[in-house]
Amino acid sequence: GAGVSQSPSNKVTEKGKDVELRCDPISGHTALYWYRQRLGQGLEFLIYFQGNSAPDKSGLPSDRFSAERTGGSVSTLTIQRTQQEDSAVYLCASSSGDRGGHYGYTFGSGTRLTVV
Amino acid sequence: DQQVKQNSPSLSVQEGRISILNCDYTNSMFDYFLWYKKYPAEGPTFLISISSIKDKNEDGRFTVFLNKSAKHLSLHIVPSQPGDSAVYFCAARIRARDKIIFGKGTRLHILP
Chain A
-4 GAGVSQSPSN KVTEKGKDVE LRCDPISGHT ALYWYRQRLG QGLEFLIYFQ
46 GNSAPDKSGL PSDRFSAERT GGSVSTLTIQ RTQQEDSAVY LCASSSGDRG
96 GHYGYTFGSG TRLTVV
Chain B
1264 DQQVKQNSPS LSVQEGRISI LNCDYTNSMF DYFLWYKKYP AEGPTFLISI
1314 SSIKDKNEDG RFTVFLNKSA KHLSLHIVPS QPGDSAVYFC AARIRARDKI
1364 IFGKGTRLHI LP
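Protein chains in written order, with this note's numbering: chain A, -4 to 111; chain B, 1264 to 1375.
Chain A on its own, in the form it takes in the complex:
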């Protein structure tokens, strides 16, 4: 597609439920990143994919968080047993070329997750 697409754009869920957030990167971009932004905070790195593998998962906050990428394209971020502190905007980005150096990443518009 023309840009990075994320769905849903908004999600309200009850505490304890599981949620799945989807990211469709720009076609041909091999690298995919998940970040989150909690209220009043900066962008917090969660996980990075190169193709289907995740060389860096160091930002996942707990084992309730997991992510996968299939076919080198779509990625899903899953949060199990959601907690109120999981409320944030979850941003997905993809990149190619100089792996984010010269050109940076292209971000989607994010999924705003609210846990009530």
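Calculated directly from the structure, the hints in this document are not laboratory data.
Take these hints with a grain of salt, some might be off.
Said to hold, decoys possible - FRET-style restraints, in silico, Cβ to Cβ:
#1 A/Thr73 / B/Asn1330: 38 to 44 Å
#2 A/Ala(-3) / B/Ala1304: 16 to 22 Å
#3 B/Gln1265 / A/Gly66: 32 to 38 Å
#4 B/Leu1274 / A/Val7: 32 to 38 Å
#5 A/Lys10 / B/Gln1265: 25 to 31 Å
#6 A/Gly66 / B/Ile1283: 43 to 49 Å
Just so you know, even glycine gets a beta-carbon here, dropped at the ideal spot from N, CA and C.
With chain A's structure known, arrange chain B on it following the hints.
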């Protein structure tokens, strides 16, 4: 441990004047520095970058300056326009780690 720091949460500048956004970093292994701009309800958009081997990069109204000895970079916008009102994130990349680390952002208000 914040590796990329933006110490000013907000900044107000008169339209037509110069906006200067500042950023400090702690990690000597960063090889690229980037600035992103974010409007409400949208994802951040890439604005300009600079390699660690350079000290200045200019693109239209936007110039980024890098002072490696001080571990400091700044983004200059001149002249400032109303559409520049947004949150600006400073970011840096460690090539070997292949991920970008972001600061907390500075909200820029351009006053009429």
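Going down the list of hints, with the structure as the test:
1. With their beta carbons about 42 Å apart, A/Thr73 and B/Asn1330 fall inside the hinted range of 38 to 44 Å.
2. In this structure the supplied range 16 to 22 Å holds for A/Ala(-3) paired with B/Ala1304, their Cβ-Cβ distance being about 19 Å.
3. About 36 Å separates the C-beta atoms of B/Gln1265 and A/Gly66, a value consistent with the hinted range of 32 to 38 Å.
4. Between B/Leu1274 and A/Val7 the beta carbons are some 33 Å apart, a value that agrees with the proposed interval 32 to 38 Å.
5. Distance hint for A/Lys10 and B/Gln1265: a CB-CB separation of about 29 Å, consistent with the stated range 25 to 31 Å.
6. A hinted range of 43 to 49 Å holds for the C-beta pair A/Gly66 and B/Ile1283, which are about 45 Å apart.
Hint check: no violations occur; every hint is consistent with the structure.
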